[in-house]
Structure formats: C-alpha cells, structure tokens
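Participant: Chains F and Z are the protein sequences, given in the same order.
For the first sequence, this note's numbering gives the first residue as 593, with consecutive numbering after it.
For the second sequence, this note's numbering gives the first residue as 593, with consecutive numbering after it.
Hints in this document: simulated from the structure, not taken from any laboratory.
Be a bit skeptical, because a hint or two may be false.
Repeated chains share a single entry, so a pair holds when one copy, or any two copies, can fit it.
What the hints assert, rightly or not - Listed next, the in silico DSBU-like pairs over lysine-lysine satisfying Cα-Cα at most 30 Å (straight line): (1) Lys705 <-> Lys1003; (2) Lys690 <-> Lys842; (3) Lys606 <-> Lys780; (4) Lys639 <-> Lys888; (5) Lys888 <-> Lys649; (6) Lys928 <-> Lys705; (7) Lys773 <-> Lys847; (8) Lys851 <-> Lys940; (9) Lys851 <-> Lys936; (10) Lys1020 <-> Lys1001; (11) Lys931 <-> Lys773; (12) Lys901 <-> Lys826; (13) Lys931 <-> Lys851; (14) Lys1045 <-> Lys842; (15) Lys847 <-> Lys936; (16) Lys649 <-> Lys1045; (17) Lys646 <-> Lys1020; (18) Lys975 <-> Lys936; (19) Lys679 <-> Lys649; (20) Lys1049 <-> Lys690; (21) Lys888 <-> Lys646; (22) Lys936 <-> Lys826; (23) Lys940 <-> Lys639; (24) Lys901 <-> Lys940.
The structure presented is a predicted model; accordingly, all values stated were derived computationally and were not measured.
There are 2 protein chains.
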Amino acid sequence: MGKNLTKRSEDYSKWYNELVIKADLAEMSGVRGCMVIKPYGFAIWEKIQGGLDKMFKETGHENAYFPIFIPKSYLSKEASHVEGFAKECAVVTHYRLKNAEDGSGIIVDEDAKLEEELIVRPTSETIIWDTYRRWIQSYRDLPLLINQWANVVRWEMRTRLFLRTTEFLWQEGHTAHATEKEAVEEAKLILDIYADFAENHMGVPVIKGTKTESERFAGALDTYCIEALMQDGKALQAGTSHFLGQNFAKAFDVKFATKEGKQEYVWATSWGVSTRLMGALIMTHSDDNGLVLPPKLAPIQVVIIPIYKGLEQLDAISEKVDPLVKDLRKRDISVKFDKRDTHKPGFKFNEYELKGVPIRIAIGQRDLENGTYEVARRDTLEKRIIPATEIIEEISSLLVEIQDNIFEKAKAYRESHITEVNSYEEFKTLLEEKGGFLSAHWDGTSETEERVKEETKATIRCIPLSSELEEGRCMVTGKPSSRRVLFAKAY
Amino acid sequence: MGKNLTKRSEDYSKWYNELVIKADLAEMSGVRGCMVIKPYGFAIWEKIQGGLDKMFKETGHENAYFPIFIPKSYLSKEASHVEGFAKECAVVTHYRLKNAEDGSGIIVDEDAKLEEELIVRPTSETIIWDTYRRWIQSYRDLPLLINQWANVVRWEMRTRLFLRTTEFLWQEGHTAHATEKEAVEEAKLILDIYADFAENHMGVPVIKGTKTESERFAGALDTYCIEALMQDGKALQAGTSHFLGQNFAKAFDVKFATKEGKQEYVWATSWGVSTRLMGALIMTHSDDNGLVLPPKLAPIQVVIIPIYKGLEQLDAISEKVDPLVKDLRKRDISVKFDKRDTHKPGFKFNEYELKGVPIRIAIGQRDLENGTYEVARRDTLEKRIIPATEIIEEISSLLVEIQDNIFEKAKAYRESHITEVNSYEEFKTLLEEKGGFLSAHWDGTSETEERVKEETKATIRCIPLSSELEEGRCMVTGKPSSRRVLFAKAY
C-alpha cells in the first residue's frame, strides 16, 4: 500500500523525479530531452494557463500566434540576442524525406535542402518584431499588447521534467510602446501579475527584483524577475519580464510617427512563464506522501470515497453522495466520486494523497447511520468527523483555509531562509549548512559575481525591488556597496 | 470610405485573400508558408477551441501534450502511414549553430549533427502510440481518451491563409479501446461532435460521410468526415475522424491483458480539426462587405458607436450607454463601446462591418432625445430604430436570430447545390456550370475515381452516412453500383 516515494530528507532530487512520475504529471518521451505532459499534469497546467490568461486579458492584452520557425538570419539581427539564443537550438535544414534506393527505409532527400536554415523558436522576439514592422506605423497603433501561448525548443544537455526540457510550453508577451516610461511600466505591471498569480493562485511566495547584467535576458536593458525558494533551500526563477529598450525596434527597423509627425523607434517589453512553474508548484508544497496542490489549481478539489461491502451498501451511500456532488458542482467545486469497484479504499486513499487532492471525504456504513462524513485535508493530513448538515459549509471554508495555509507555510519557510551575511566565510558556511537566500553586499561587478559562482555555485538571484539603501562593503572584495542583493544556489 | 474588397462574383479567391487580410484575421509571415494569426483572428480561433474543448471534456476526454519532434524511424513503423506522412516535412538535422570563423555570421555547427534526424510532427500517431505502450497494460487502463491542442507542420508547396499553410494549429484526439466496436463508436461519436459544432456554433451545414479508400487517412481502416460547401460551389473537408483498427497498436506493440488474462492488441481512433475551420467559417457566411460571423464565435457580438459633436454630447451618450454595456456583459454578451475620438463614425461602421460584428448599435443626439437606438444587423444589413426600454430584449433575441439565420441561409444554398446526375456528360456540364455536390453512381474502384479526378478535378468527397441503397450504374463505366456518392471540386 506504500507509495515507495524516496523521502525528501534522503534525496530531494530523487524525491522530485519520483513524485512527478508517480503522481502522473509527466514523463520523458522517446525523444531526447522532450517530455510528455500526462493528463493529470496537463490539467494543472491548464489551470495555470487559464488563470494567467484571464489576468493578461483584464489588463488589455490579446493573444496571437506567430510561426514556430525563425530564419537563421533573423537571430543575428540583434547582437546580444544572437549570442544568447543562437547556440543550442534545433535546426531545420531539409524539407523532404524519401525512400532509400536500397529499400533500407526513409532518408533525408538531399535535393530538398533549404536555402536558409530555419531554427525552431527558442523565443520569438525576432520573428515578432519582424512582424511588428508591418503593424506599427503611427502612435495610433500603440501600445500593442500581445501574448502568445506556444511551445519553444532550447537544446538542453541535462534535462529534468518541467524544470529544464528541450521542448517546453510557455507564454511569451511582446509589447510595443511609444515611450520608454510606458514600456518600463508595462514590464513592472507584468511582474506584479506574475507575483500575484504565484502567491495567490499557486501559493508560492516570491521575491520581486531585477537581474544583474550578467543574468539579464539576451537583448534586454533590464530583466525583472520573481524568485521562489524550494524546500531544499535552492532558489527557482519563476518568471521574467524584460524591458528591451529600443533594441529590437532598431534591429528590425520598427518606427512610428508621433502625434507631431516625427519618426521614432518603438520601445519594447517581453515576458514569460513556462511549464517550469509546474516544478515550482511541486517543490514548494509537496511532502513525503506526495503532491500537495493549492485548491485553486487542483484539477480535483474534493474526492469522495465510499467504503462499502456489496452493491446495496454502495447504493445507500450513492443516494446520499449524489446530491452532495451536484451541490458542490453548482458552487464550482470540482469533485470526484470514486465508485470504482476495481480498487480498494486504501488504494484510493493512497492514490489521491499522492496526487495532492486537497480534500478527501470518506463515507462508510457507520457514517450513514450517524449522518456524518470523514473529512481529511491533504496539507495537514488531519481528519475530522463532520455532520452531513455542515459538510458543504465545511468544504467551502476548508478550501480557502488550505489555500491560505500552504502559502503561509511556504512563506514562513522562505522568511526563515533569508539570512543576512557580512563576510564571505560566513556566506560559504551558511550556503552549505542552511541554504536559502543569503542577503549580502556586493561590489556591483560581474567579476565578483562570477568568482562567487565559480567558488560556491551561488548566483545573484536578484536585486530585490524592496531592498533599501544601506552603506556596506562587498563581502568578497571589500569595495563599497550601497545595497544588499540576494544570492542562492538555484535550479 | 469603401472597403476596396474585390467582389465574390468577380474573383472569389481574390475576395477571400483580401478579406482575411483586411479583417485582420491573419497574414503570411517572413517564413515561407507560415502564417501569423492576428489577435482578431486568434480570438475567433479561441472561441472555436473553447467550444470544442468543452464538448470533448463532457464526453470524457482529457488533454495532454506530446513532443513536437518525431524520430525518423518512428514514422516508418506503420507502413501506410509513412507513405502518407514522411514526405514533405520539416527535418531537424543539427542541434547547434556557431559563429562563422570568418566573422560572416552564424552557421550550422557540423559537429552537432543528430544521429537520427527528427521530424517536426505532421501528426502525432507514432509518438503517441510509442507512449501508449508504456501506459496500457490491462483492460483497466482502457479506454484511454486523450486530446492534444498543438501546432503541426506539413511542407506545403502552395499555401493559402488558413486553408493550407506549412504550420497550422489543430487538435488531435488519440484514443485506445479494448474492442473494435468501441473504437468505431468513438470515431462516430467524435464525428457527431464535429458536425454538431460546425452546424450549431459555426453555422456551417455539413454532410457526414466516409472517405473512399484512396482519400483515407494514411494508416486508417475507415475515415469519417464532415464536408461543407463554400459559396463558390467548392467543397471543404472540415474535420476527420479515423478508425485505425489495430494498425498502430501492432506497429508499436501495444497490447493489453483482457479480463480473462489474454494479451490482445489495442484498437484505436484518431481525429482532428484545424485552423482550416477558420477558412470554412469565412467562406460560408461572408459577403462583399466583409466578414459575417455567427454570434457564438464573434469576439465582439455587439458594438456601440456614439455619434456626437464635442465632449458634452459624448458624455450624455456615455451616461446612457455605460449602464447598457454593464447590463449586456452581465448577460455574457460581449460588447464594445467604441468611443475613440481618432476615428469618425463612418470609418467605424465600415470597420465593424468588415470584421463581421453581428450587431451594430448607433446612438446620436436625436436618439438621446427620442430615447432610442439604431440597431443594424450584419447578416441582412437591416437597420431598425428600437426604444431604449426594449434594447436588451432586442439584442438577446437578435443574436439568436442571426445565429439561426446564417445557418439556414448556408443550408439553403447547400441544399440547392446537391444535384443528382446520371451520366458523365451531365456531370461534367453541371460541375462547370453549377458546381456544388454532384450525387452520382460510382463503381467503387479507385481507377474510376482517379479517372474522374484527372478529367474533371472533382473528387469523391464522401459516401454520405445518410445515403440510401439504390440500384444504379456507374456514370463513367456503367458497372453496377448500390449507392450514390458525392463528388465535388474541393479546397
């Protein structure tokens, strides 16, 4: 009956890999580095999509779709972008296969070689700005607020389900503005949306900040980010929003006529979150018994398991449960009444615990007699007997409580894992012994950042937006510093 | 103020191309054969997606996601499938680019050649059945009812927006069953869903039927289809649902243990509709003034245009319109109040007519005084003056009426363009002079089918499910035939 799940304390990484498989979220496919997202995992992703999509639309963004292929020459047009993205990628060189003459199978038709290779998009700035040149002529065409839900490919050598895969799903927003100020405000607005969604839907507390120059998106003037902390003390970048300045407008010659009739380059942002969020979700809340899902993203919020012998008892239980199911659905609560006779209750208890269903209700002969249900919550594993007359009220409030509780729990963990350090020795010790975010002074140079990374594997996760000015000295070089930044080992 | 749209009677094909561009639905990108779906076009596609997705889920299907890449060897595993799909496709041969040594730009890194080429999926049967082998062991794992929303690539030489593009968006369902009967029922269930959606959401009347052997999906034992008729008398295949037998189960060795413990191959279906539906939608209803959209798929169902001089008048109008907008939204009617002062009313009238907004409401000074609105419906172009007290009722019933009306209109056209013919001469004459579906006897051989295609360009669109047994003789060869089939020229 056990789940045979490795304990987090034994091997966190192994626990994660096993959980993703056992909870039926995803698996690696026969194609190197590419995953299959299984129905249960995809149902969670759909909830993430749905929630974010609504927030984007409420703030005036529209969806569109751009080609999956990017001509090789497009990538070269923005100098720093090509350095960042035109390396490990899938290259389409031919457009036809044919039967081998020796009958050995199908082979690439060398007569069907493309004049210019096509890259499977690793991100779409170039193809989109090539399009925006046609769409933007005047200030009347601005702002242009567009989002795309798409698959992208980055050829990764070391892959992990959801966290780093060759192909992944994401949304990428690409906006165009008349002024620098408006573009910066857009980048920040999106950061706020990401943080709001992470905290209030996913229950994942995040720190908002900006990236250092060396961690910035290739082609951006500023990269805003939200950083989350996993239970093993490692940070995870959960979303980024880039202020791109006029870099792409210049590379693709996108100008607009101002109200005064002058020609000016357009200002840009781009921003994205991906199926990586699934990794953040799993690693923030789950425990040694399996997944723990926030009610707002749980495909099944309530599961009802009948405990019975024989069809007669099941019928009696169903008579009571069927109207409850209807009532709950009317309240937009997703509920599953698992009547399968192919599996025993213990097996089912185990399965839904593993799958992180927030509330499990059991009902047996004695409950029928007493007019009660047994209600178990996944986050605390607590069980209570609830009178049938109070069950709907109980479920409704419990869903809210669980959503809050897992967020507060994760936040308490995060808060207790932000540590101020004032010397490099202390930094190294704490990084190994405690992990989490280390708040330290840094001299602002890429050299120091690189040195810390090489010596400790920790990177600067962000310069928090909330960080206050504070006179100090770089923990490594002793040079003056005006504010603390957050270091951590990261996924 | 004119739309400069070519008339359908002048050049139907040109009219279509212009309309897709001018109504802001889509455009060709800088990548050969790949389109950009613009926000307005994509909003319609999202409604199509949303409607179908709901119907799939209500019938027990779940969404999942499979890799975009298919190893070349997978395609060869099902003999007829490889013939149909492993020809014109995008082939990934390398996974890295590098800077050219002569500084001329970026080039393919020949050291990063893939051992086995990857094909960008033209359809996903092979990669999915390779996965199902791991998922299916026992009858308890069946049926497996999975759908995927995805992009696919088929290297097309001649492309047209929505109708035939190198990359397109679609959904592909892939189901696995314990028995042949259940799989056939599934294929038919999906056909019914497609037909229901086409007729009751898109307002596009369709004929359900089966394909002849030569028009079947590569790897299928039976292909069910829905066929629509465009205004130029050409047919358009709007969706297909395939009974695949055990072909893919055998090719990928997918067996299950029956209740009795025997090992048997699994039975399969696959089915799909694509962004091609957008083409069907446009060509079925639209007219020389632009797009005509069914209310159920219109991103904007009602547009309200104020006619005013000066801010004071606009304020007075807004005071009346703002509560109306709220009221309509409460009723889930999507409404846009276009207050832009950068464009004149005439320009706006034109724009929304071009974009197919079902109901246009205008309100000016005199309407304010009289307590009325001017209501214009897009389908008939009729205008009426409606008292403000009746406006909500009027809009609600008009949306239903327009939805019905455009379907009935399309159906009447379709009905008048199904013609029984009894000789090949008559067939050829009618095909040129009238077009539409020609219902004729056929001897059941691929040779005759091929001959008709070569001589007239007409193909057998389907053997209608509703066709009755009728003794007859093939119009070409005179051989006996037991039922009529539908011929047409097609997109």
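Participant: Determine for every hint whether it applies to the structure shown.
Facilitator: Okay, the hints, checked on the actual structure:
{"no.": "1", "hint": "Lys705 <-> Lys1003", "verdict": "neither (54 Å within a copy, 46 Å between copies)"}
{"no.": "2", "hint": "Lys690 <-> Lys842", "verdict": "between (42 Å within a copy, 24 Å between copies)"}
{"no.": "3", "hint": "Lys606 <-> Lys780", "verdict": "neither (36 Å within a copy, 44 Å between copies)"}
{"no.": "4", "hint": "Lys639 <-> Lys888", "verdict": "both (8 Å within a copy, 24 Å between copies)"}
{"no.": "5", "hint": "Lys888 <-> Lys649", "verdict": "both (19 Å within a copy, 19 Å between copies)"}
{"no.": "6", "hint": "Lys928 <-> Lys705", "verdict": "neither (53 Å within a copy, 49 Å between copies)"}
{"no.": "7", "hint": "Lys773 <-> Lys847", "verdict": "within (17 Å within a copy, 61 Å between copies)"}
{"no.": "8", "hint": "Lys851 <-> Lys940", "verdict": "between (65 Å within a copy, 21 Å between copies)"}
{"no.": "9", "hint": "Lys851 <-> Lys936", "verdict": "between (71 Å within a copy, 18 Å between copies)"}
{"no.": "10", "hint": "Lys1020 <-> Lys1001", "verdict": "within (27 Å within a copy, 76 Å between copies)"}
{"no.": "11", "hint": "Lys931 <-> Lys773", "verdict": "between (58 Å within a copy, 25 Å between copies)"}
{"no.": "12", "hint": "Lys901 <-> Lys826", "verdict": "neither (48 Å within a copy, 62 Å between copies)"}
{"no.": "13", "hint": "Lys931 <-> Lys851", "verdict": "between (66 Å within a copy, 19 Å between copies)"}
{"no.": "14", "hint": "Lys1045 <-> Lys842", "verdict": "neither (34 Å within a copy, 52 Å between copies)"}
{"no.": "15", "hint": "Lys847 <-> Lys936", "verdict": "between (67 Å within a copy, 25 Å between copies)"}
{"no.": "16", "hint": "Lys649 <-> Lys1045", "verdict": "neither (39 Å within a copy, 48 Å between copies)"}
{"no.": "17", "hint": "Lys646 <-> Lys1020", "verdict": "neither (43 Å within a copy, 53 Å between copies)"}
{"no.": "18", "hint": "Lys975 <-> Lys936", "verdict": "within (19 Å within a copy, 66 Å between copies)"}
{"no.": "19", "hint": "Lys679 <-> Lys649", "verdict": "neither (34 Å within a copy, 40 Å between copies)"}
{"no.": "20", "hint": "Lys1049 <-> Lys690", "verdict": "between (48 Å within a copy, 27 Å between copies)"}
{"no.": "21", "hint": "Lys888 <-> Lys646", "verdict": "both (14 Å within a copy, 20 Å between copies)"}
{"no.": "22", "hint": "Lys936 <-> Lys826", "verdict": "neither (39 Å within a copy, 57 Å between copies)"}
{"no.": "23", "hint": "Lys940 <-> Lys639", "verdict": "within (24 Å within a copy, 37 Å between copies)"}
{"no.": "24", "hint": "Lys901 <-> Lys940", "verdict": "within (16 Å within a copy, 69 Å between copies)"}
Checked against the numbered hints above, the structure violates hints 1, 3, 6, 12, 14, 16, 17, 19, 22; every other hint is satisfied.
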